[in-house]
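Participant: What follows is each chain in one-letter form.
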Amino acid sequence: MTTVLLNIDLALVLEKFALILIVVMGSLGVAMYATWGERKFAALLQDRRGPSKAGPFGLLQPLADGLKLFFKEEIIPNFSSKFLFILGPGLAMLTAVMTSAVVPWGDKVHLFDRDISLQIADINIGILYVFGVVSLGVYGIMIGSWASNNKFSLLGGLRAASQIISYELAMGISLIALLMITGTLSLKEIVEQQQTGAWGGFWGWNFWKQPLGFLIFLICAFAECNRAPFDLAEAENELIGGYHTEYSSMKLGFYLFAEYINMFISSVIISTLFFGGYDIPFFNEAAHADWGNWLALLGVGALMTKAILFILFFMWVRWTIPRFRYDQLMHLGWKILIPLALFNMLATGGAILYFFNK
Amino acid sequence: MQALTKRVKAVHRKPMSFAEKLYLPAIFKGMMITLGHAFKKRPTVNYPEVKRPFSPVFRGMQILNRDAEGRENCTACGLCAVACPAEAITMEAAERQPGEEHLYREEKYAAKYEINMLRCIFCGLCEEACPKDAIYLSETFAPADYKRKQFVYNKSELLIPNPKEDPEAYKKALGNRAIPTTNSLDQQ
Chain S
1 MTTVLLNIDL ALVLEKFALI LIVVMGSLGV AMYATWGERK FAALLQDRRG
51 PSKAGPFGLL QPLADGLKLF FKEEIIPNFS SKFLFILGPG LAMLTAVMTS
101 AVVPWGDKVH LFDRDISLQI ADINIGILYV FGVVSLGVYG IMIGSWASNN
151 KFSLLGGLRA ASQIISYELA MGISLIALLM ITGTLSLKEI VEQQQTGAWG
201 GFWGWNFWKQ PLGFLIFLIC AFAECNRAPF DLAEAENELI GGYHTEYSSM
251 KLGFYLFAEY INMFISSVII STLFFGGYDI PFFNEAAHAD WGNWLALLGV
301 GALMTKAILF ILFFMWVRWT IPRFRYDQLM HLGWKILIPL ALFNMLATGG
351 AILYFFNK
Chain B
1 MQALTKRVKA VHRKPMSFAE KLYLPAIFKG MMITLGHAFK KRPTVNYPEV
51 KRPFSPVFRG MQILNRDAEG RENCTACGLC AVACPAEAIT MEAAERQPGE
101 EHLYREEKYA AKYEINMLRC IFCGLCEEAC PKDAIYLSET FAPADYKRKQ
151 FVYNKSELLI PNPKEDPEAY KKALGNRAIP TTNSLDQQ
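Going down the list, the protein sequences come from chains S and B. Sequence positions in the first sequence follow this note's numbering and run 1 to 358. Sequence positions in the second sequence follow this note's numbering and run 1 to 188.
Heads up, a few of these hints could be off.
Subject to a maximum C-alpha distance of 25 Å in a straight line, what follows is the list of computed DSS-like cross-link-like pairs (lysine-lysine) [stated by the list, open to error]:
{"no.": "1", "chain 1": "S", "residue 1": "Lys335", "chain 2": "B", "residue 2": "Lys14"}
{"no.": "2", "chain 1": "S", "residue 1": "Lys53", "chain 2": "B", "residue 2": "Lys40"}
{"no.": "3", "chain 1": "S", "residue 1": "Lys53", "chain 2": "S", "residue 2": "Lys68"}
{"no.": "4", "chain 1": "B", "residue 1": "Lys155", "chain 2": "B", "residue 2": "Lys112"}
{"no.": "5", "chain 1": "S", "residue 1": "Lys16", "chain 2": "S", "residue 2": "Lys82"}
{"no.": "6", "chain 1": "B", "residue 1": "Lys41", "chain 2": "B", "residue 2": "Lys108"}
{"no.": "7", "chain 1": "S", "residue 1": "Lys53", "chain 2": "B", "residue 2": "Lys41"}
{"no.": "8", "chain 1": "B", "residue 1": "Lys112", "chain 2": "B", "residue 2": "Lys147"}
{"no.": "9", "chain 1": "S", "residue 1": "Lys335", "chain 2": "B", "residue 2": "Lys108"}
{"no.": "10", "chain 1": "B", "residue 1": "Lys51", "chain 2": "S", "residue 2": "Lys53"}
Chain S regions said to be covered by chain B (calculated; three or more residues, Cβ under 8 Å) [unchecked claim]:
{"no.": "11", "stretch": "38-46"}
{"no.": "12", "stretch": "317-330"}
One side only, chain S facing chain B, incomplete, derived with CB under 10 Å [said to hold, decoys possible]:
{"no.": "13", "residue": "Ile20"}
{"no.": "14", "residue": "Arg49"}
{"no.": "15", "residue": "Ser52"}
Derived by calculation from the structure, the hints in this document are not laboratory data. Glycine residues also receive a C-beta, built at the ideal position from the N, C-alpha and C atoms.
Next up, chain B with everything else stripped away, as it sits in the complex (with noise of 0.2 Å):
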């Protein structure tokens, strides 16, 4: 029969040789295979207790960023809400009483601040729009959860920990990748 196309293999199908058939020296070569495989490097590693490092560009969960002296950096302008693709920011400004200065650095702070990490694509456009570097992206992801509500994260889960209380915890939570904010605001 002509064939098809020109890749085509004649396949020989010669009767086995009497080693062949015994099975014996292939079943043996089979066994060496996976004995020899009992003695390599296993490339699993044990995840909750060893975590392989992210990249230096890995995008997770958001963090709202403060300034050195505690004071959130976030005036609510609403860049990252409108930059965010996903429509996943929502935020209530309020304006900053008398008092409240070691609390919020500029005179409008968002008062209620919220990212629904199921709509979240982790891209990153938050970041880049944010004017005032109140906002990154860190190496945590968010964990799972057992009902929807509770992957809107709100003000209070987003927050960095004040670094004026709880150094290491900022410091921590700060990572690798933001920029500690300068307090040029102040030296204006």
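Isolated chain S, as found in the complex (with noise of 0.2 Å):
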């Protein structure tokens, strides 16, 4: 007699480990397209070329990138605490890539007689993970920055500490008026309300809903990614490289590496939770429900076009917007964006309360 102790779905468990490996491997593929494109970008701007010699159009650049990355030296300083100091850029790597988890990327596909949701965790609590996750991504950086005992690179790692602090209230506010509307947390039934919507689903998505709240997610995901013109914490010109100063070869490569992982990974949460994720604009996915396979992956490929399009956006403010000082800095995220995302919560739960509360 053999007794079941446990029942594995030894199916699902390779679903999933296929789709962690895809979207891992994809979330790392266009990260590494995205310092291509962040270049590429940047000379379009500044009347330049761009890397144009690896390659056509410069396109085996990120290879070559990380290449030498690998090959460099790598430096561990003397009085820096070293296991600390190998753990920053690993943790920053671990948790921009582990947000990737809960992102629906697309409808279900029907393969080997199984319904495989594009999605790796559909967790009841999805945004809520997002943030816990995004917060803990403030460690790498800290951890390294401490770990490297020198003061530059402290100083940038208490600025991005500081600045990660204050402009996750704000972006959790803003966040609270739109669950107030989806009255879910789960990132698929927030699609799912979207695809519902006049014009093909366009008009259901929450942008139209939440234009300020949108606006104030926006600044905060910059200021999260430590992107310009919020990236004090690297501050080239006044802390030498900031937390990464004392970072060489593929340590350094890591935290840089993390930053565009950051950056797709809240483009994407930014196109689920405001731009209706995997749907597609004027098209109508329910009438269509006979193209199976076809129709999930056009859904995938929505969801890259609209998380591309925010990259390339994060990208043209950078090569805009010139670095905020850190008064200014602290002046917007506390005594401007707070306020704004409080006023928008409530004015928001007015509204339902009075025109939906019937």
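If you follow the hints, you should be able to join the two separate chains into one complex; please do so.
Facilitator: Listed below in structure tokens is the structure:
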């Protein structure tokens, strides 16, 4: 007689494992080409040409960059605490990649007689998970900067920590207004709600219901990603690179890479929350359910397009707006964005109570 | 306070209006400026693939000329070395032996002819000093190198390709500037 201790669906495990592999590799690939895109886009805005020597249009440039980083000498400063020094970039990378677990990349795909959901984990507290992991991301920067035993690094780390704490508040409050409308924390359900608007879902996007919330969320996303104009943590000209001053070789690469993954993931989250996720605008998905897998893949394409547009927007802002001063950053975060987010929350709550509470 | 000069301009520091305090219109304006640059023509020339033409009076690396028969023009008179303000040119003369008439145009020739490209200032005075059209400044320049020693160019590096053996390379090296030497000496 055999007793089954745990009834594990092996196919499910395999399916999820494959999905994790694809998502992680996919986000690494996107981040890789985001570095290329960043350089090309910067060149475009500054009347330059950008990388053009490695492969056609310089497409092999990120590979060359990665190879270079691997071959660089790895220096661990004598006075650093070695364990934390190595832990820092690892944490930054880990948290950056972990966020993608709850993102609904697309609808169901029917393969091998199974309905495979294109989402690694449809947990009902999806947004909270994202917030939790993103706030953990600052530990990578803080630990790395503290372990470097360098004043510039420490200043960079302090800046990053205070900045992320300040902006997370406004971000959270702006999201509460959105959650009052959706009534759910699951990212999948939020996307499905947005698909049912007029014009094939286009007018159902949360952006139309929460424009102010979107603006606050967007600004805070810039701050959370440590991107210009809020890149005070690395501020090259005052802090010599900030938290990664002491880092070299692929550890530095991890930090830089984590930033691009963060940028990609926040673009995806913004698209999911405010721009319908994998919803294809001006196209009624429900009427074309017989397209099956192709429809799901088209949805993935739609999400990726939105995310890439947002990444381009991130870059566009970076090459336009100069860096904030530290006091200006705090002023914007605490005195403008938080009151604005609170007002948005109250206004949304009032509108819901007055118009829709029948 | 009395102004020190007449060029003083009073700055009006009036408080910002609400629209200005929002910053968003200003940010939008700035973004449009950078976006506008995306559609501008880029002035960069893709250097190694695309080369900008030199001006017709460009003075590049020296070339020792041959006549149409492929004989060296230089007679090692030393006028170029005297004219050179940077003292970059050194040479040793030798006498042409019977049977070498197809190599050297006149009885005397330069057995050794060196130009130190690190000293050369590409002024072109050697070209002006030369009575035999033997040296002129081409439209190429000395390529970068790792060692100082390699910047001392000897005769084999300076000589133009032989027009009899390699007419195409000769024409290319000749460029637009040098006048092909006529065999005036032979006609005399």
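Participant: Next step is simple, just say for each hint if it's right about the structure.
Facilitator: Now for the hints, and whether the structure bears them out:
1. S/Lys335 to B/Lys14: Satisfied, since the Cα-Cα distance of roughly 22 Å is no more than 25 Å.
2. S/Lys53 to B/Lys40: holds (22 Å)
3. S/Lys53 to S/Lys68: Within the cut-off at roughly 15 Å; holds.
4. B/Lys155 to B/Lys112: holds (6 Å)
5. S/Lys16 to S/Lys82: violated (35 Å)
6. B/Lys41 to B/Lys108: violated (57 Å)
7. S/Lys53 to B/Lys41: holds (20 Å)
8. B/Lys112 to B/Lys147: holds (21 Å)
9. S/Lys335 to B/Lys108: violated (90 Å)
10. B/Lys51 to S/Lys53: Within the cut-off at roughly 16 Å; holds.
11. 38-46: holds (count 3)
12. 317-330: Check passed, 4 qualifying residues.
13. Ile20: violated (37 Å)
14. Arg49: holds (5 Å)
15. Ser52: holds (7 Å)
Violation of the numbered hints given earlier is confined to hints 5, 6, 9 and 13; the remaining hints are satisfied by the structure.
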